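Colleague: Residues per chain, in single letters:
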Amino acid sequence: MNLYEYQGKEIFARYGIPVPRGEVASSPEEARRIAEKLGTSVVLKAQVLAGGRGKAGGVKFADTPKEAARLAKDLLSMKLKGFKVEKVLVEQKLGIRREIYAGITIDRAEGKAVFMVSGEGGVDIEEVAERSPEKIFSRHVDSFVGFYPYMARELASGLGLDSESFKKVSDVLLKLYRVFSEKDAQLAEINPLVIAEEGVFAADAKIVIDEDALFRQDFEKKARGLPYVELDGSIGCIVNGAGLAMSTMDTLKHLGGEPANFLDIGGGAGSEVMREALLRVAAHPKVKVIFINILGGITRCDEIARGILAARQGIALPLVVRFRGTNEEEGIALLRDAGIGVERDMIAAAKLAIEKSKEAGR
Amino acid sequence: MSILIDENTRAIVQGITGSQGSFHTKLMLEYGTKIVAGVTPGKGGSEVHGVPVYDSVKEALRHHDANASIIFVPAPFAMDAALEAVENLELVVIITEGIPVHDSMKIKAYAERCGSRVIGPNTAGIISPGKSKLGIMPAQVFTQGNVGVVSRSGTLAYEIALAITEAGYGQSTLVGIGGDPVVGTSFVEVLQMFEEDEETSAVVLIGEIGGDAEERAAEFIKTMSKPVIGYVAGLTAPPGKRMGHAGAIISRGKGTAEGKIQALEKSGARVARIPQEIPELLKEVLR
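Protein chains in written order, with the numbering used here: chain H, 1 to 362; chain G, 1 to 287.
Incorrect hints may have been included.
To be verified - Derived DMTMM-like pairs (lysine to aspartate or glutamate); straight-line CA-CA distance at most 25 angstroms:
| # | chain 1 | residue 1 | chain 2 | residue 2 |
| --- | --- | --- | --- | --- |
| 1 | H | Lys112 | G | Glu219 |
| 2 | G | Lys266 | H | Glu130 |
| 3 | G | Lys283 | H | Asp142 |
| 4 | G | Lys222 | H | Asp107 |
| 5 | H | Lys206 | G | Glu189 |
| 6 | H | Lys112 | G | Glu280 |
| 7 | H | Lys112 | G | Glu189 |
| 8 | H | Lys112 | G | Glu87 |
| 9 | G | Lys106 | H | Glu211 |
| 10 | H | Lys253 | G | Glu90 |
| 11 | H | Lys253 | G | Glu277 |
| 12 | G | Lys266 | H | Asp142 |
| 13 | H | Lys112 | G | Glu90 |
| 14 | G | Lys106 | H | Glu182 |
| 15 | H | Lys351 | G | Glu277 |
| 16 | G | Lys106 | H | Glu130 |
| 17 | H | Lys253 | G | Glu196 |
| 18 | H | Lys112 | G | Glu84 |
| 19 | G | Lys222 | H | Glu182 |
| 20 | G | Lys266 | G | Glu166 |
I should point out that these hints are in silico values taken from the structure, not numbers from a laboratory. Remember, it's a predicted structure, so these values are computed and weren't measured experimentally.
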């Protein structure tokens, strides 16, 4: 789960990481009031969950409250990288001397957190990583040992800072690790960490929270729903397991069909989940046929059959069902009694679904 | 031989009294897996399908000789169960889905310290057909043979095992390494075990989009003497979308199916375009 910059900065502030003074505005009038209160030149930053915001025109500078209101109005009517801008962060403008990069993420191959810093922070950090990887300093963190001041000093020592900034930056790194660890983050990043006339500040905040940890974190929980991704084809897909779901789409394509979506009902889905999945896929206007591919392990084919029967009344589309695995005989029998044929072979079923999608297209 | 588990594996089931734990204990017992004890804190003294239940792993080990554990404990309590397991047992299979990644990192770190091998989390488990099953896979799609299978995904692995079985081959062992970003055991480690296993003549590696586990596996495959057949799911996946498994995200052009297929082909592995092509490729490499 991605947090907005202003949410990230609220967390930073709670952990003692200095952030520029500022507030978030939802209207030009609010932006004007915030700029007045700050009493300095301000920066206005569109709040969207997308990178490359500055380059896309989502960051503006204003010298007066009036100008802030006008620019906020522009930003609030913008669409940035497909996201509508609903909030603008209005902050004091800093006298920037240097921009540092600091970020912690998870190195999947090592199974450890990895802390990265660079003296060349800012919008081009990815280019720096590509072009001159020697300018990125990194170290792994053992989650049992944790992150200690000497590690922060070690990282900061490569940045070429004066002694006062060195102390401040080391302190920020230490606190950033606390945010990463205590908030169950998959990513906690400050880019840039600004060395300014006024001190050291986190001028941006990017935090991604692990959705699997929301049971113990105090964030607004969004209803998760089934993992569903829409495509352009005509064959709706309902599959148990993400790997098999992707493979089912690939196989349809390979055999000359066009998958309409990715949908994983997960392991051990009951009839209610199956019913929800069917209604979801049937609502996609391009779908001509629905292909249900179940290889039951923890999922039981009879449960899936009950879900199909429960949802069928509301669905006019042809169904192609493939059952294999746990309780397949019971599942096949249930559907047979309702007049629905069931395939046992995935390729045969895929070919049948493709045939039906083409018939319906004519 | 086979890898990780065989007829000498004696397992305990943590979370045995839950609905999944109990259901799969029954299926594992029916398969012939030696389940010697169960653990559910607070339920010590009871029985599940004739298996005695204890309050802790230590207590179970006082009464029974076990060398592995399989964990069905719900995600919020799974780290506790896993740490308890790795402290006491050499092999720990974590079936639980949805464990926070910070917990998985701790489990992995502690397992390394304790010299315990963790498979998963978010895995279907391990099966050495005809010998032992420590997982949730449907037994009927497997048969004993000489093809080693390693996979990130569960049901896709069953599909491929089924294709292998129906073509007249069988599996030495199938290992699900798990679909999460951080798992206890990597493709490379499992490939190494198959390379050293006398019973395994060829290996099927089942990957999917996201991360670079397949690319790392490809580097290792270059050094292997046994033939490897690869398959990668997610060719039709649009970039930047989360496709179910936490691991299965393509970002910034990295971790794509094309990239992984290329890496595998370069390593000398044969790559199947659909799961059902795998038996044909097996026929070629096992000639």
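Colleague: Could you run down the list of hints and mark each one as holding or not?
Modeller: Right, here's what the structure says about each hint:
1. H:Lys112 - G:Glu219: This hinted pair holds, its Cα atoms lying about 21 angstroms apart.
2. G:Lys266 - H:Glu130: Given that 25 angstroms is the threshold and the Cα spacing comes to 23 angstroms, the pair holds.
3. G:Lys283 - H:Asp142: Since the Cα atoms of Lys283 (chain G) and Asp142 (chain H) sit roughly 45 angstroms apart, the hinted pair is violated (cutoff 25 angstroms).
4. G:Lys222 - H:Asp107: 24 angstroms, holds
5. H:Lys206 - G:Glu189: 34 angstroms, violated
6. H:Lys112 - G:Glu280: Cα-Cα ~39 angstroms, so violated.
7. H:Lys112 - G:Glu189: 17 angstroms, holds
8. H:Lys112 - G:Glu87: 20 angstroms, holds
9. G:Lys106 - H:Glu211: Holds: Lys106 (chain G) and Glu211 (chain H) sit about 18 angstroms apart, inside 25 angstroms.
10. H:Lys253 - G:Glu90: 43 angstroms, violated
11. H:Lys253 - G:Glu277: Roughly 15 angstroms between the alpha carbons, so the hint for Lys253 (chain H) and Glu277 (chain G) holds.
12. G:Lys266 - H:Asp142: 34 angstroms, violated
13. H:Lys112 - G:Glu90: The hint holds at about 22 angstroms.
14. G:Lys106 - H:Glu182: 14 angstroms, holds
15. H:Lys351 - G:Glu277: At roughly 15 angstroms apart (the allowed maximum being 25 angstroms), Glu277 (chain G) and Lys351 (chain H) satisfy the hint.
16. G:Lys106 - H:Glu130: 31 angstroms, violated
17. H:Lys253 - G:Glu196: Judged against 25 angstroms, a Cα distance of about 37 angstroms means the pair is violated.
18. H:Lys112 - G:Glu84: OK: Lys112 (chain H) and Glu84 (chain G) at ~20 angstroms, within 25 angstroms.
19. G:Lys222 - H:Glu182: 41 angstroms, violated
20. G:Lys266 - G:Glu166: Violated. Lys266 (chain G) to Glu166 (chain G) sits at ~29 angstroms, over the 25 angstroms cutoff.
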